[in-house]
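*Asks:* Listed below, chain by chain, are the residues.
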Amino acid sequence: MWENRCKIAISGVGYSKVSRAADVPLAAHALEAVKGAIEDSGLTLEDIDGLSTYPELPATGHAEVDGISVVSVNCMMAMLKLPSLTWHMQVGNNNIGGAVQTAAAALLAGLCKHVVVWRAMHNPKGTYQNLPGAQATGPAQFTGPYGFGGPGQHMAVAYTRYLERNNQSRDKMVTLALTQRKHTQHNPHAFFYGTPLSREDYFNSRMVAYPFCLFDCDIPVQGAVAIVMTTAERARDLKPKPAYLASYGQRLHFEVAGRIGSLANYMEGGASSAKLTWERSGFSPKDVDVAQIYDGFSASVIYGLESYGFCKEGEALDYIQDGRIELDGELPLNTFGGSLGTGRIHGLWHIIEGALQASGRAGSRQVKDANVSFVGASAPIVTGTTFIFTREPY
Amino acid sequence: MSDWSAVTRPVPVPNEWTRPFWDAAKRGSLELQRCQACGHFQHPPYATCTKCVSVDLKFEPVTGGGTIYAYTVMYHTGDKRFAPAVPYASIIVELDAAPGALLAGNLLGAEYTEAKVGRRVEVVFEKLNDEITLPQFRLADAKPAERGA
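Quick note, the sequences are listed as chains A and B, same order.
Numbering-wise (the numbering used here), the first sequence opens with residue 155 and increments by one.
Numbering-wise (the numbering used here), the second sequence opens with residue -14 and increments by one.
It is possible that part of the hints are untrue.
What the hints assert, rightly or not - Within a straight-line C-alpha distance of at most 25 Å, the following computed DMTMM-like cross-link-like pairs (lysine to aspartate or glutamate) qualify:
id : chain 1 : residue 1 : chain 2 : residue 2
1  : B       : 101       : A       : 201
2  : B       : 43        : A       : 472
3  : B       : 36        : A       : 422
4  : B       : 43        : B       : 107
5  : A       : 189       : A       : 157
6  : B       : 65        : A       : 218
7  : A       : 235       : A       : 193
8  : B       : 101       : A       : 318
9  : B       : 101       : A       : 193
10 : A       : 267       : A       : 325
11 : B       : 101       : A       : 218
12 : B       : 36        : A       : 325
13 : B       : 101       : A       : 194
14 : A       : 326       : B       : 99
Claimed, not checked - Over 12 Å on every C-beta distance to chain B, these chain A residues come out as not near it, computed from the model:
id : residue
15 : 157
16 : 158
17 : 232
18 : 233
19 : 240
20 : 267
21 : 285
22 : 294
23 : 306
24 : 385
25 : 517
26 : 548
What the hints assert, rightly or not - Now the in silico label distances, taken between C-beta atoms and shown as ranges:
id : chain 1 : residue 1 : chain 2 : residue 2 : range
27 : B       : 21        : A       : 361       : 40 to 46 Å
28 : A       : 348       : B       : 1         : 52 to 58 Å
29 : A       : 517       : B       : 24        : 57 to 63 Å
30 : A       : 523       : B       : 0         : 54 to 60 Å
31 : A       : 292       : B       : 24        : 53 to 59 Å
32 : B       : 48        : A       : 347       : 38 to 44 Å
33 : B       : 21        : A       : 546       : 54 to 60 Å
34 : B       : 48        : A       : 259       : 16 to 22 Å
35 : B       : 0         : A       : 174       : 46 to 52 Å
36 : A       : 174       : B       : -10       : 34 to 40 Å
37 : B       : -10       : A       : 517       : 55 to 61 Å
Calculated from the structure, these hints are not laboratory results.
Quick caveat: nothing in here was measured; it's all calculated off a predicted structure.
Glycine included, each C-beta is placed from N, C-alpha and C at the ideal position.
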């Protein structure tokens, strides 16, 4: 068991508005989310002494311009001019989950007292995932010439292997899409709040990269979310009820860059991260009351459910049926709508929901007795991180 | 069947690790990086052996028969250069001679619906320009007339 179990907590959370068009610079969205999280905690800018983010733009073939298409730590530092700042960190690996884990480590080391972590996502004009230009360099020289562009196709090839090796049908994924869209109707911050989805919508939607249809892919948006993290002791004195961080893990598996189509890459990544998370917390999948599992593409949830240990390999498309992942089901899943409902903001929103459920602040989508709240904060491949939040500091 | 004649493919740019692969393809030969210490074949090429971390790596010819390991059928026309071929099958092939090494390609000379995990394929070569020839794949039982498609 981890000696720092439940010694760190998430306090306040904040959101910007989420829009399809990038009509204002991304820095404005990030600022709105960060200020919202600080206010939700009942803190002021003077209290914030730590900053952490993962600023990558996952769209391919677009420029990263600070403040416009990414919001770096430097950008936030320049905007906030924090008088008490003592620590900041920008991670380049493990996605936004890595930024949250690094912030926890800094708080435990006593380098700062109240850290803000944000994730800001840009929706560039034109095609989101471009193929390489006239020339394909680096790992793309072996994929771009064949029409492989962004992560969607890379995920799609692993998904056909999954489906055909396990004798599974992509039709079963409709349950995930519909259930998450139903959950989205309880989340006013989400892009698809107020927009229902029917079975017919799912099956009549255009195919993007088989087996993924339009509603298997999260919609690119412009927006940001943020959290305030602090020690459990300090969190108890703040306005919202804390969500205690029982444990976390990161994937410990990597294959050669540019190697695509490998299902093992997802499964071993997810399993290695989850193993750390279960062992450090003392919990196991059967203890989990509610789960958020990253769903940039729907198949990530399936790989997550299996590699984290919620069900056996090859069975997740059956596991999600029969109401099991509804708000009152055995494992309420992506209760805020997931990325499929909120739009593409990456895994910090999954972490926020994991914390809100644990602290009992999830409003009309609150799961009853959500004492142990699990989060898989990005696809188990390459950037996978996992977390457990609890209602009580066990 | 996907019409590739109107597609302008991005042209691979070899680097010091990958040049022997492209030089071999130009000669109509498929060569993969092989660890001289443990015998492991790997693709894409890498600075070290992914099995034993040796840096003693050389490119060696392999036979072009294998199976479809995974695939996707692309419908999205975000990149207009590939729009004439939509829907097209982009496949990942595991060669009999190099288990674990995964090569990308298109399924040439067949309907995209023929792409299935486990189906037998063999390498064919598609000349892009005087410098670059792409290893590609067709169904192993396809007729010789369809070669190169």
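*Asks:* List, from low to high, the hint numbers that the structure doesn't satisfy.
*Replies:* 1, 2, 5, 9, 10, 11, 12, 13, 21, 22, 23, 31, 32, 34, 35
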